[in-house]
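Got chain A; can you put chain B on it based on the hints?
For the protein sequence lines, the chains are A and B, in the order given. Here the first sequence is numbered in our numbering, starting from 1 and rising by one per residue. Here the second sequence is numbered in our numbering, starting from 1 and rising by one per residue.
Careful, some of the hints might be misleading.
[Said to hold, decoys possible] Here are the simulated EDC-like pairs of lysine to aspartate or glutamate, each with C-alpha atoms no more than 20 Å apart in a straight line:
#, chain 1, residue 1, chain 2, residue 2
1, B, K54, B, D355
2, A, K79, B, E225
3, A, K79, B, E227
4, A, K121, B, E224
5, B, K103, B, E292
6, A, K83, B, D205
7, B, K103, B, E225
8, B, K54, B, D240
9, B, K289, B, E224
10, A, K83, B, E227
11, B, K137, B, E292
12, A, K121, B, E225
13, A, K121, B, E227
Don't read these hints as lab results, they were simulated from the structure.
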Amino acid sequence: MSFFRGGIGMRLADLIGGVVVLILGLAVVFFSSQLPYYSEFGPGPGFLPLWVGVVFIGCAIFVIINILRKHDKIGTFFKPRTKLGLQVLVIIFIAFLVLPFLGFSIGLALFIGITMRIMGKHRWVSCSLTAVVTAICIHLIFISWLTIPLPQGLIGW
Amino acid sequence: MDLLNNLYTGFSIALTFNNIIYCLVGVLFGQIIGVLPGIGAPTAIALLLPLTFKANPTSALIMFAGIYYGVAYGGTITSVLINVPGESSTVMTCLDGYQMALKGRAGAALSIAAIGSFIAGTVSIVILMAFAPALAKLALRFGPAEYFALAFMAFGLLMVFGGEQPIKTIISTMLGLLISTIGLDVVSGMPRFAFGVPQLLGGFDFIIIICGMFGIAEVFSSIEEPEEGELVKSKLRLRDLFLTWQDWVASRWAIVRGGVIGFIVGIIPAGGITTASFLAYLAEKRYSKHPERFGTGAIEGVAAPESANNAASISGFAPLLALGIPGSPTTAVMLAGFMMWGIRPGPMLFQKNPDLVWGLISSMYIGNFLLLLINVFLIPAFVALLRLPYTIIMGFIVIFASVGAYSVNNNFFDVWMMLGFAVLGYLMRKLNYPIVPLVLALVLGNLAENSLRQALMISGGSLSIFFTRPISAIFISAAILAYLTPVIRWALKGLRRPKVDTA
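Isolated chain B, as found in the complex:
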């Protein structure tokens, strides 16, 4: 009954004219961002965040959530039609989607992506409605030890899901932690790494770093190595979007499996929508009776990753809303939004701001439905966007980033700092240092440090507090396992290497 009551509360908020418009703007914007190269969901939300300071937080969050799941829909269009993923979460879609387009089946590929995303997304929202309050109830039992252990586990998981060079993932994570310590220490009140610069006493605002490292840095990378592909020259007609019976039969279980994998990966801190789509594709290929068809235009190779990335973008809200812990850069930016509006996400959010939580979750049903309609009827309009010159897109990014950075504290110091972070982000990308660990460590840094200090104060300096409390012990054990992943991988690699016969 609770679920139905919550649903009723949510829809009574999400279905107001104002919020429907915010939702529509969000999904349309997300779809456009997904199509445009060089700009992703975290950048888009970070660029818009300072502009929504005066907006109603529920409406603004409905719009940002729309951008988040809308981006995955938009990225599919470029993956299928020009073999260039508009978003990292649609990389796997290129493999079979583009092959389908070359065979004249672009319509079917786009259609199954939209329908799969809609089904997996809608089911994920239902599960989220049941799961998030339960998680919030569990989180009420969390103390400093559990919060530190959770953050510690999130840092460890970054190594599991991070790039090929775990050592660079660690450096990136440490850099994020270091930046989070800049400014006044909240416990002792002592300045750290401020070097007498008054603007640094408050630390760096998250928006400035995101605008620089994701926004402007991406501009430099896109100019240096433009993602160019050739648009498949086949006219998309409405009837091309209809699926055949064989398409349905081939995709139905791929959608279910992709959705389940996506939902689970989305909840895991540092999991993210890209990992979800990657794992769903690999799982589908392994499960298939005809794995040789994958990469040649198999429709289930589109259905699985597309369902997974949408499910993950929905389930990613569970740790954000229930624990106040973001699992991806996009939810990290949204956390910055919560802070900007003076709302603290976490277990108490469900009791203090039920309108916001249920309004946001219910709006996802509306958003996914709107996206399904948009993707069936408006695809040609979004294809036209691919012809927009990059200089214009770049100009938009620079304008929004500089206005966003300035409006945080109304000073030019932040604008210059943003440019500094842009150069740092660009260099890190070039040298294969991943950016995501830095961002997550930056957001979780204060929580991790303060929880650690509070836990050790409670225990009188004994580390046993992290191992004697069951929930904390589980997180710490998972974290240790995650930190050992590179060693385990290395050992397994050694075992699998064929022995050279020296005889």
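Only chain A is shown next, with the shape it has when bound in the complex:
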């Protein structure tokens, strides 16, 4: 129960991390055991991944036992500003979703404008101006000057 006191504690987060590594190790062992371990000319394609999986499992068990044995408090996983970080992650996620339709110049410019507004609490005018300048800079630098074939979206810019 001490795991849950005061939100998700670092111990619980660490324990979850250990379990994820353990599951990953088991999966790696499973999939690499389907590859030839040894071939005619020495170690096969399954050789290294299998041992990587075994080390994963060993380390994960060590981590899990270590966490269960210790009882000292080592802080919480979520910090006061974690929510802000998650908001930015969501905005980046949405920006990447719309990039094929809006193009890199406009899509990333909108991203800058919106994050400036949400994170920095800048005025709408500053946000809009920065977004416009960003769109022009991205287009001029990456598309016109460096000739990187970035998608230009439905607007074609």
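Here is chain B on its own, set in the frame of chain A:
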């Protein structure tokens, strides 16, 4: 004579107008990156790498090298003026540099950092010029057994220089190795962990992982825990930068010792510039007749780590150029650059591309000189950068990372993968899993696996090949010792623990 010939070849390339501009842009960019929070040298180079695809490789490498050693100069400014290291390699500078600033001696601290870095850096370049070709000559004798043993030793050294939790360092290293196995196996041609996804058959491009794990992940971490410090409110005038005679006397040997420690640590795989500055500071404190002054504004406490980090950033090029083995995340990204341009670093590089090698090395003299001038005359301009809102910096990182990831293969799959690696990098940081071992294992993974397989093919499956060849045996012995470090540390801790008197 060879050395002078090489120097002449190098300068005839580095001193062309084009390359001087690349060098200037590199050191200026490095200085800016060093000042800005939340972005380091590996990220900066990874973000710029896809944009230099069409550039001349020598010019691009001159610029990237400039960023690498320029970052250490820039990071010093924030360490001294706001007690926040702009770079991990300038953490130790905060201890005495900020104290000096509080006493009104910020100018002297910044000055000794720049001069110490310049002296140690320049001497390191001279040693690098002599040492790197010798190392390359030795590497010509390397076979698969030696290359595997070297990579095996590098993984072991990660545990020596890694964080406090060696088990997490191992997990991180294994994750890097696992990612390096994704895609078609080069020996058998069989797909591994691709799960029928065609984009995964070629494996993950290194740039995507670096942009995600160092670039965007750092954005999340910086938003969550911003590094805020208070700017020391004293105006920096040019005359404040001049050092007194006492300053010189106190710092001269600190610069020499820091430089030597930095050079040696920089060569060691997984050593890196942060470890170099840390060890130089500790050594200086131990050597000092007045160790109690350290932490209260001792100028040698600034001179030693600053000289060390610059020397290490220079010597780090020796294993990269001569062996094709990167010792730090930044040189690992540069290795990705070499691959992108179709150049294979290693012993043959000195014979096949002497222009590139000597042009790059000679440009470091120019770069260090430019940085000295920049740091003496332009510091106020860089201090002004500290007022730049983080949202703007974050925006730049996201733009460069997403353009960089897209331009690798011109598809959105890589952009999404980069975001996935960003989340992974952020979670790993939060749970204290170090990122550097993952990156180095990722870069060295293919070399380690292929060398191991080739060596065992040669020996008919016998492991004795690694112990009977002298160079390989030395590397393997060092590796075993490195892997045992946590056990040795644990045993020593037990011995030193005072016994409880139960009587």
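To see whether the hints hold, each was checked on the structure:
1. Our distance criterion of 20 Å between C-alpha atoms is met by K54/B and D355/B, whose separation comes to about 18 Å.
2. A C-alpha spacing of about 8 Å is found between K79/A and E225/B, which places the hinted pair at or below 20 Å, so the restraint holds.
3. With a C-alpha separation of about 14 Å, the suggested pair K79/A and E227/B falls inside the 20 Å cut-off, and the hint holds.
4. A C-alpha spacing of about 16 Å is found between K121/A and E224/B, which places the hinted pair at or below 20 Å, so the restraint holds.
5. The hinted pair formed by K103/B and E292/B meets the criterion: a straight-line CA distance of about 17 Å does not exceed 20 Å.
6. Between the alpha carbons of K83/A and D205/B the distance comes to roughly 31 Å, so the proposed pair goes past 20 Å and is violated.
7. With a CA separation close to 28 Å, the supplied pair K103/B and E225/B exceeds the 20 Å bound.
8. For the given pair, K54/B sits about 44 Å from D240/B by alpha-carbon distance, which is inconsistent with the 20 Å threshold.
9. For the given pair, K289/B sits about 42 Å from E224/B by alpha-carbon distance, which is inconsistent with the 20 Å threshold.
10. Of the pairs offered as hints, the one joining K83/A and E227/B holds, with about 17 Å between alpha carbons and a cut-off of 20 Å not exceeded.
11. Taken as a hint, the K137/B and E292/B pair is broken in the structure, with Cα atoms around 46 Å apart against an allowance of 20 Å.
12. Restraint check for K121/A and E225/B: satisfied, since their Cα atoms lie roughly 18 Å apart, inside the 20 Å limit.
13. Only pairs whose Cα atoms come within 20 Å are accepted, and K121/A paired with E227/B is accepted, the gap being roughly 19 Å.
Hint violations for this structure: numbers 6, 7, 8, 9 and 11, all remaining hints satisfied.
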